[in-house]
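Single-letter residue listing:
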Amino acid sequence: MKTLVIGLGNPILTDDGVGVKVAYAVRDALASDGQDDVTVTEASVGGLRLMEMMVGYDRVILIDAIQTPGGRPGAIHRLTLDDVASAVPTQHSASTHDMNLPTALEMGRRLGLALPETIEIFAIEAKDVVTFGDTCTPTVAAAIPIVTEMVLQTLALAESATTR
Amino acid sequence: MKRITIDPITRLEGHGKIEIFLDEEGEVKNTHFVIPELRGFEVFCVGRPAEEMPRITNRICGVCPEAHHMAATKALDDLYHVEPPSAAKKLRELFYMAFYVTDHTTHFYALGGPDFVVGPDAPKYERNVLGVIAKVGLEIGSQVIACRKRNHEVIKMLGGRHIHPVAGLPGGWAKAMTKEERDEIEKIARENVEFAKFSIQIVNDVVLSNQAYVDMILSDAYTQPIYYMGLVDENNHVNFYDGEVRVVDPDGNEFCKYAPHEYTEHIAEHVEPWSYLKYPFLKKVGWKGFVPGKESGMYCATPLSRLNAADGIATPLAQAEYERFYETLGGKPVHHTLATHWARVIELLYAAERMLELVQDPEITDPNVRTIPTDTPTEGVGVVEAPRGTLTHHYVTDERGILTKVNLVVGTTNNYAPITLSIKKAASALIHKGTVITDGLLNKVEMAFRSYDPCFSCATHSLPGQMPLEVVVRDAEGNVVERLSQYI
Numbered sequence: 001m002k003t004l005v006i007g008l009g010n011p012i013l014t015d016d017g018v019g020v021k022v023a024y025a026v027r028d029a030l031a032s033d034g035q036d037d038v039t040v041t042e043a044s045v046g047g048l049r050l051m052e053m054m055v056g057y058d059r060v061i062l063i064d065a066i067q068t069p070g071g072r073p074g075a076i077h078r079l080t081l082d083d084v085a086s087a088v089p090t091q092h093s094a095s096t097h098d099m100n101l102p103t104a105l106e107m108g109r110r111l112g113l114a115l116p117e118t119i120e121i122f123a124i125e126a127k128d129v130v131t132f133g134d135t136c137t138p139t140v141a142a143a144i145p146i147v148t149e150m151v152l153q154t155l156a157l158a159e160s161a162t163t164r
Numbered sequence: 165m166k167r168i169t170i171d172p173i174t175r176l177e178g179h180g181k182i183e184i185f186l187d188e189e190g191e192v193k194n195t196h197f198v199i200p201e202l203r204g205f206e207v208f209c210v211g212r213p214a215e216e217m218p219r220i221t222n223r224i225c226g227v228c229p230e231a232h233h234m235a236a237t238k239a240l241d242d243l244y245h246v247e248p249p250s251a252a253k254k255l256r257e258l259f260y261m262a263f264y265v266t267d268h269t270t271h272f273y274a275l276g277g278p279d280f281v282v283g284p285d286a287p288k289y290e291r292n293v294l295g296v297i298a299k300v301g302l303e304i305g306s307q308v309i310a311c312r313k314r315n316h317e318v319i320k321m322l323g324g325r326h327i328h329p330v331a332g333l334p335g336g337w338a339k340a341m342t343k344e345e346r347d348e349i350e351k352i353a354r355e356n357v358e359f360a361k362f363s364i365q366i367v368n369d370v371v372l373s374n375q376a377y378v379d380m381i382l383s384d385a386y387t388q389p390i391y392y393m394g395l396v397d398e399n400n401h402v403n404f405y406d407g408e409v410r411v412v413d414p415d416g417n418e419f420c421k422y423a424p425h426e427y428t429e430h431i432a433e434h435v436e437p438w439s440y441l442k443y444p445f446l447k448k449v450g451w452k453g454f455v456p457g458k459e460s461g462m463y464c465a466t467p468l469s470r471l472n473a474a475d476g477i478a479t480p481l482a483q484a485e486y487e488r489f490y491e492t493l494g495g496k497p498v499h500h501t502l503a504t505h506w507a508r509v510i511e512l513l514y515a516a517e518r519m520l521e522l523v524q525d526p527e528i529t530d531p532n533v534r535t536i537p538t539d540t541p542t543e544g545v546g547v548v549e550a551p552r553g554t555l556t557h558h559y560v561t562d563e564r565g566i567l568t569k570v571n572l573v574v575g576t577t578n579n580y581a582p583i584t585l586s587i588k589k590a591a592s593a594l595i596h597k598g599t600v601i602t603d604g605l606l607n608k609v610e611m612a613f614r615s616y617d618p619c620f621s622c623a624t625h626s627l628p629g630q631m632p633l634e635v636v637v638r639d640a641e642g643n644v645v646e647r648l649s650q651y652i
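So the protein lines, in turn, are chains A and B. Counting from 1, one number per residue, gives the positions in the first sequence under my numbering. Counting from 165, one number per residue, gives the positions in the second sequence under my numbering.
Just chain A, same shape as in the assembly (with noise of 0.2 Å):
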């Protein structure tokens, strides 16, 4: 199965940054593992571009930061392409320069691209997304070896579904 791992973010904003920072360290943790089905990759806006990297992938694994009412720096949800249309898009996932991702991807579909099956979303409870800097908050920093082991599990589950 081709696979597509997104860190979205931007790394010099922060806790913007944190989706990017997993996907480093799950392509570090890759590059030993020699598993070549999977790409990840990174980006910092949502909508329309996010959806052109998708297209060719069965499968795809977006990581963002995310800020809920009340929510708690370093919270980990894991989401569907549905909670992001309805009611709680990440950071970058809603970037409104282009379009929103749910609507991008109907875009795709009505013109016939290949786009993935399933997209899972883990996203981040930031706490400072409007001053630069390159490394996240503590808190926030502390989530990311967690969910780059998410991820990694999210992986290796798929992969052995496969081999099965």
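Don't read these hints as lab results, they were simulated from the structure.
Computed Cβ-Cβ distance ranges for the label pairs, DEER-style:
no., chain 1, residue 1, chain 2, residue 2, range
1, A, Asp37, B, Glu429, 51 to 61 Å
2, A, Gly70, B, Glu433, 27 to 37 Å
3, A, Asp37, B, Ala310, 23 to 33 Å
4, B, Ala432, A, Asp37, 48 to 58 Å
5, B, Thr428, A, Thr118, 47 to 57 Å
6, B, Arg354, A, Asp128, 42 to 52 Å
Residues on chain B that point at chain A, a partial pick, calculated with CB under 8 Å:
no., residue
7, Phe205
8, Phe208
9, Val227
Owing to the predicted nature of the structure, the values given are computational and were not obtained by experimental measurement. From the three backbone atoms N, C-alpha and C, an ideal C-beta is built for every residue, glycine too.
Based on the hints, put chain B in the right spot on chain A.
Same frame as chain A, but now just chain B:
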């Protein structure tokens, strides 16, 4: 006092909020346009080597990394007192035109277009790119995606990476172009010209042939005579990559023309207590508040501004459109902000034609693309036209090239004051005592600023957990009497 809030603005990058204050009579008393601001960019940069700036600043924002990369690279040329070889300048401009084609295409079809193609009063769930496809056909969606795809390839080929380019260096460009690359890009540039002509045709068929739209563009609600800014070449033609900054007054006469490093003599910033934003204005006219006219130092920097600030466009098809633009809209300058959408498509045509010219230039494959800097760095300013307005990067370093001072004036920032004025103008014209506040009506207020293609990702960023368009109407005691909301 009644208060109407549009929060946040749909189809606008970053988190923005419009507040409309009504008086006891139900007339518009005032409007605020507020966005949160990013903090600490200068602190983040100071102490780093200046040569990292093209790669740092292109991270500020995911929408126009190419514009920041280019302004930073040009600021480094100035900082290290080095002149890039001619082929390097042409490669940079070629790269930049590919970026312009994608950016203007996205705005016209996905952001500005739905208001006209689907209609300003259409149900909100149809006023998006899916509505455009439903109305004009799937083929148009495929064309937009194909246009973006082929130009992203050019950006990768020339800039070294898909999203955050790395090829800009002080004194030139990291790699020369091969003949194979040239042939491929020439083919792409030809397709771009055809696509731009097709887009002009859409403006004709959908907007200009519909009298109701033309009346709306020309109406007082969307008209404000102010100063206009844009980069021009030695013939006063529109230029996105290089030149001098020219400002014309509301009558269209040249007010000033200055080299990038002189910007601090011409531009100052005003601060308001209710907003984090700084409002740039023309120093030599002065800040007179959010008012239009020759006595007010407000200026704007948009596609419309660039056409107004220039005497013409250097490519033939875009020049013909430029002339038709002013003939149709009653002469120069044009003060109708909704005409900015048409101006943007004329710029799309120029970018496509210029791309073809550059790629056909025999010098474009010249291997000499770098002048190695040898001078001690001091201070540098780089200016380009970002799609959303004049973009200025200003760096000061010590003798080792370590940054000691950084200042950026980003595209949309130039337009904060005129956007605020446009919202007030539209709201005052559309909302009166007894007016029923409908979704379509508020969309028409939004259209006033959407024409600026505002993007606050580099000035601000924070998206909230939700992206509704929420409108709250409060009575004089602050009670909610009406609430409208939508999800984009």
